[in-house]
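K.L.:
This is what each chain is made of:
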Amino acid sequence: MAKRAAKIGVFIALAMILSYLEAILPLNIGIPGVKLGLSNIVVVVSLYSLTVPETAGISLIRILLMGILFGNAVSLVYSLSGGALSLVGMIICKRLRLSVIGVSIVGAVLHNVAQLAAAVVILQSSAIGYYLPILLISGLVTGFLIGIASDRLIFLEKKLNIQQKP
Amino acid sequence: MKMNRRDFIAIAVVLILSVAGFLVFGRSQKDGGAVRITSGGKVVGTYPLGSDKEIKIPFENGENTVVIKDGSVYMKNADCPDRHCVKQGKISKSGEAIICLPHKLTVEITGGEIDAVAR
Chain A
32 MAKRAAKIGV FIALAMILSY LEAILPLNIG IPGVKLGLSN IVVVVSLYSL
82 TVPETAGISL IRILLMGILF GNAVSLVYSL SGGALSLVGM IICKRLRLSV
132 IGVSIVGAVL HNVAQLAAAV VILQSSAIGY YLPILLISGL VTGFLIGIAS
182 DRLIFLEKKL NIQQKP
Chain B
90 MKMNRRDFIA IAVVLILSVA GFLVFGRSQK DGGAVRITSG GKVVGTYPLG
140 SDKEIKIPFE NGENTVVIKD GSVYMKNADC PDRHCVKQGK ISKSGEAIIC
190 LPHKLTVEIT GGEIDAVAR
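As you go down the protein sequences, you meet chains A and B in turn.
Each step along the first sequence adds one to the number in our numbering, with nothing skipped, and position 78 is 109.
Each step along the second sequence adds one to the number in our numbering, with nothing skipped, and position 46 is 135.
Same shape as in the complex, but just chain B (with noise of 0.2 Å):
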């Protein structure tokens, strides 16, 4: 293999990103106390990760399902075609995120206070 010492630069450089990414964005292993959905930037609602509650976001074409429970939320369902979202499962520490990239929704775990009360 042909590689060489600004190869390693260059691998040294992605690794010390990474590791100041995860110091700056890294989940936190404290367990979450609001759940904050976002939609298009705006926030549709926050509601306490203590109590159970589904919530259903709806769209032109359709709707996403959020579901709290026991602590943690996951997406229940979404109709977009990819369905990343519903296969990420569940989240539960602060600073986590459920991402539905074609409806422009977040699901994000905050670490405490209920800022917003649901529209």
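Just chain A, with the same shape it has in the complex (with noise of 0.2 Å):
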């Protein structure tokens, strides 16, 4: 149980330094909005390390730690619309046995397309809608990204979870 405890907050802490690492050091291609997504790595390693109440809560602390830190309302509201819609189809896409970096790309794919929709409805507008094509692809390739490097790293952990059972 402690143990357990101990590793929530290790992935928590290290969500919210992905985040912030990325928010100093964009990556910046000349689109906006388009972004690596480097916490997704903790959240997609958590959704096989840990149980999905669990991953959820993580991705939901380190979004409103984040918004309260560096933030406001709106930029909060993008970040839950993301997060939550991006955890609901990794989880399906998981159920459905997607490999690791299957369900990464789904992930990325509709945290844009949530981030979207809501400044759709922010903005009262659709002229940001030419934007959705721009955002899938960029999804796809962040995501297969991401994908690759969560896929090490659910690899290693699970070497590194046997290796400590004598």
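Certain hints may be false.
To be verified - Straight-line C-alpha distance at most 30 Å; calculated DSSO-like pairs for lysine-lysine:
1. K91(B) with K189(A)
2. K125(A) with K91(B)
3. K158(B) with K176(B)
4. K131(B) with K158(B)
5. K190(A) with K91(B)
6. K179(B) with K131(B)
7. K165(B) with K142(B)
8. K66(A) with K179(B)
9. K165(B) with K66(A)
10. K165(B) with K145(B)
11. K38(A) with K189(A)
12. K165(B) with K182(B)
13. K189(A) with K66(A)
14. K182(B) with K66(A)
15. K145(B) with K193(B)
16. K182(B) with K131(B)
17. K131(B) with K145(B)
18. K125(A) with K34(A)
19. K142(B) with K158(B)
20. K34(A) with K189(A)
21. K131(B) with K142(B)
22. K190(A) with K34(A)
23. K91(B) with K38(A)
24. K193(B) with K182(B)
25. K91(B) with K66(A)
26. K165(B) with K176(B)
27. K176(B) with K66(A)
28. K131(B) with K165(B)
29. K193(B) with K66(A)
30. K142(B) with K193(B)
Keep in mind the hints are simulated off the structure, nothing from the lab.
Two chains, two separate frames, one set of hints: put the complex together.
P.N.:
Printed below as a string of structure tokens:
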């Protein structure tokens, strides 16, 4: 139990560090709104290493803390909608037995879709709709990269757990 | 890399959706006729793309400056923290838009007629 709580704490801290790292070192490829989504590595690994409620808790706490520390009410709405839809999609895809990379891709794509939907609601305008294909493709690419990293980490974590057991 | 058939189905779905998105929302390569500016869902004004103009849109704590020049539009200045709208540069084709999320401002290029007069 204590080990589990410690693990959740480490995951939250790691997710926050990755969010922060991404905020100060943005991947600037000239398309606004496109980012790598580094902190999703933690959510993906957590899905395979902890339970669904624990993963949801880690994601929610990260979003709330980052929102309070560095964001505002509007940015919190974007993050929450992105985080929620992305997590639900990843849980479903994991049940459908997609690979880690597939799960990560769906998570990244849905994160972008939810944020775009939130923007349509907040702006009361569908002018931003033409951005959808760009965000779908960017989600595909970033999700793939994050998936490779997550896949590797899940493998290493499992190996570590086996070695620890005498 | 351990990917399976289901992954490729998911990737195919995303690709199909993005192609569909391009077809539905795609930027036409036609030059636009007018510029429509909306703020929080309300139309602030519609301006012809043909005549050069500088439009200031005030907010409680600052303002955005939209410039129409030589048939294209750009955000000259904005005092939001990220200034994505300024970095976005010039647009001129019908269907393109500049969005300022913090100020809920959209600058869209529409096909033709001017359907509202500046407030």
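K.L.:
Indicate, hint by hint, whether the structure satisfies it.
P.N.:
How the hints compare with the structure:
{"no.": "1", "hint": "K91(B) with K189(A)", "result": "holds, 16 Å"}
{"no.": "2", "hint": "K125(A) with K91(B)", "result": "holds, 14 Å"}
{"no.": "3", "hint": "K158(B) with K176(B)", "result": "holds, 17 Å"}
{"no.": "4", "hint": "K131(B) with K158(B)", "result": "holds, 24 Å"}
{"no.": "5", "hint": "K190(A) with K91(B)", "result": "holds, 17 Å"}
{"no.": "6", "hint": "K179(B) with K131(B)", "result": "holds, 23 Å"}
{"no.": "7", "hint": "K165(B) with K142(B)", "result": "holds, 12 Å"}
{"no.": "8", "hint": "K66(A) with K179(B)", "result": "holds, 22 Å"}
{"no.": "9", "hint": "K165(B) with K66(A)", "result": "holds, 25 Å"}
{"no.": "10", "hint": "K165(B) with K145(B)", "result": "holds, 10 Å"}
{"no.": "11", "hint": "K38(A) with K189(A)", "result": "holds, 14 Å"}
{"no.": "12", "hint": "K165(B) with K182(B)", "result": "holds, 18 Å"}
{"no.": "13", "hint": "K189(A) with K66(A)", "result": "holds, 28 Å"}
{"no.": "14", "hint": "K182(B) with K66(A)", "result": "holds, 26 Å"}
{"no.": "15", "hint": "K145(B) with K193(B)", "result": "holds, 15 Å"}
{"no.": "16", "hint": "K182(B) with K131(B)", "result": "holds, 22 Å"}
{"no.": "17", "hint": "K131(B) with K145(B)", "result": "holds, 16 Å"}
{"no.": "18", "hint": "K125(A) with K34(A)", "result": "holds, 25 Å"}
{"no.": "19", "hint": "K142(B) with K158(B)", "result": "holds, 7 Å"}
{"no.": "20", "hint": "K34(A) with K189(A)", "result": "holds, 15 Å"}
{"no.": "21", "hint": "K131(B) with K142(B)", "result": "holds, 21 Å"}
{"no.": "22", "hint": "K190(A) with K34(A)", "result": "holds, 17 Å"}
{"no.": "23", "hint": "K91(B) with K38(A)", "result": "holds, 26 Å"}
{"no.": "24", "hint": "K193(B) with K182(B)", "result": "holds, 22 Å"}
{"no.": "25", "hint": "K91(B) with K66(A)", "result": "holds, 24 Å"}
{"no.": "26", "hint": "K165(B) with K176(B)", "result": "holds, 9 Å"}
{"no.": "27", "hint": "K176(B) with K66(A)", "result": "holds, 16 Å"}
{"no.": "28", "hint": "K131(B) with K165(B)", "result": "holds, 21 Å"}
{"no.": "29", "hint": "K193(B) with K66(A)", "result": "holds, 21 Å"}
{"no.": "30", "hint": "K142(B) with K193(B)", "result": "holds, 21 Å"}
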